[in-house]
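Colleague: Sequence:
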Amino acid sequence: MLKINKYSFIKNAAVLSLASLSLSLLSTSSSFSDGHIYGENNPVTVKGYKGSKTDSTAYTGQIARQLQHNSLKKIVSNGNPNDPSSNTLNKMMNYFENKDKTKTMAILDPKSSSKFPVKQKIVGEISTGSNLAGKADKRPQLSWPNNMSGSDVIRFMIKKASKISGGVDTRNGMNYPQLISKYTMGAVLYHQACDNYLDEKMTASNKPNNKPYKKGAAYTGKEHSWDEAFGYWGAAAHTMTLSAKQSYDVAKKKDLKAADFNKDGVVDLYKEMTYGHAYYASAFDKGGKTNYLKTVTKAFIDGRKIITAADGNKLSSSDLTKVQDLAQEICSNWAQVISEAVHKYAGSVYKDLIAVEKALSSGSGMEKAMSKYLKHWGELKGFAMALQSGVENKSDTFNRLNRMMGFGPLMPNLSQVVGIDSSGNYLKDQGSSIGYYKLHMIKIQKLMAKEYALKSRSNDVTGGMASLIETLGTKKSAEND
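Note that the numbering used here has the sequence shown beginning at 151, numbered continuously upward.
In short, the hints are calculated from the structure, not lab data.
There's no promise every hint is true.
[What the hints assert, rightly or not] Result set (SDA-like, lysine to any residue): computed pairs, CA atoms no more than 25 Å apart in a straight line: (1) Lys224 x Ser264; (2) Lys351 x Glu190; (3) Lys261 x Lys413; (4) Lys404 x Ile272; (5) Lys253 x Ile272; (6) Lys261 x Asn228; (7) Lys241 x Leu258; (8) Lys501 x Met561; (9) Lys361 x Asn192; (10) Lys285 x Arg305; (11) Lys364 x Ser467.
Could you put the whole structure together from the sequences, leaning on the hints where they help?
Modeller: Set out below in structure tokens:
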């Protein structure tokens, strides 16, 4: 297993991001052509291959999971409390647990439209052998009650969502569409890429490059492992030809011209769409302070070139080191993207709590304030849980993050989820004041900025820390977790 040094991890990411940003500012999308498309010029290098394939690139299973995640988020908002037959639950679980062997699993997002026509309508058109459940993090999740595995956390949330109208539990504060989506992106996509394919499978003896990934495959162990990690990243193959805004608009289904790289009039969901964390990288990068999207995507392209150039032979010690360094660059920037999201939504929650305080004071506007609060808290919690699904062992940081955030949002009556009983019901207790919970959001932002050397820092509210502490009137205790 690759051992990543925490301090070099962050320092290198910051330096590389700045260097890449400078390069980006000097270039336009039109300057990228040959050699800047992922999967370009990857011939079959497996010795003794007897099949008919001529291209060794393959990450269909990963894109199928991107689509299953998108579709799951869409359907989770269709919870029905009056469904004793469990049809709603079964539909949701279908996108989490099942493989589309019969090619009947409809892609719910993105759906084809006149402004953004897509090539595939069924998940099985891309891959019939993929599901989310089988790839979810199996480790105990300390960010959720009862130390459940990652896959069991998602199952638990889906079951809860299926019985709640709109998928939002207003009593306990759980917005399941956001919680499930953001955590699944971490527990499956980020986890598989950075704690598996770019970690264990990038060691010399695991999935070696002089053997096929599996018997009869048209790709070597290292080729396919690298490709699979790229699929989990979620960038379109032609991302290096796009600006961050174009990539963002592709994910939002707003820019057909940018998406349709081969100009056939439709968007190929396998190669031409932006998903998952690549979308969030695009969102931060379009602000101009960061270059996560192209830093990661270029590292993927460069690493694949090194592996392909080995021509089906074992990677030399030098080449393996280069590939491992690129893997570290990818995962350090990927972690920064997720921590930027934690930072952003901590700021949103802080602002929402101000609105909740105003609603409590005025006696009006609470429903609107709570709707925003629970949505943003679900995003905050989901991304915070996702951040803990990678290869890093940052137990002190994660413990502080979990402690300040809690298992559930602080409700207007100051109750907060503290656990789950043996029947699956939430246990609640009295939390802190709204003022202290706001302070926790500021401290979460400061923690993320420090530990991950953040540059975007969207929605920053840390400037209000001193005045809030003064208002709370207990400086010493307020400054400690």
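Colleague: With a cut-off of 25 Å on the C-alpha distance, tell me whether Lys241 and Leu258 pass.
Modeller: Given that 25 Å is the threshold and the Cα spacing comes to 12 Å, the pair holds.
Colleague: Would the pair Lys253 and Ile272 pass a check requiring their Cα atoms to be no farther apart than 25 Å?
Modeller: 6 Å, holds
Colleague: Against the 25 Å threshold, does the CA-CA distance of Lys261 and Lys413 hold or violate the hint?
Modeller: 19 Å, holds
Colleague: For Lys501 and Met561, compute the direct alpha-carbon distance and say whether it is at most 25 Å.
Modeller: 15 Å, holds
Colleague: Hey, Lys361 versus Asn192, does the alpha-carbon distance stay inside 25 Å?
Modeller: 16 Å, holds
Colleague: Holds or violated: Lys224 and Ser264, Cα atoms, limit 25 Å.
Modeller: Holds, at about 20 Å.
Colleague: Tell me if the straight-line CA distance from Lys285 to Arg305 falls inside 25 Å.
Modeller: 13 Å, holds
Colleague: Compare the distance between the alpha carbons of Lys351 and Glu190 with 25 Å, and conclude whether the hinted pair is satisfied.
Modeller: 22 Å, holds
Colleague: For Lys364 and Ser467, compute the direct alpha-carbon distance and say whether it is at most 25 Å.
Modeller: 23 Å, holds
Colleague: Is the Cα-Cα distance between Lys404 and Ile272 25 Å or less?
Modeller: 21 Å, holds
Colleague: Please work out if Lys261 and Asn228 have their alpha carbons no farther apart than 25 Å.
Modeller: 17 Å, holds
When the structure is compared with the earlier hints, no violation turns up for any of them.
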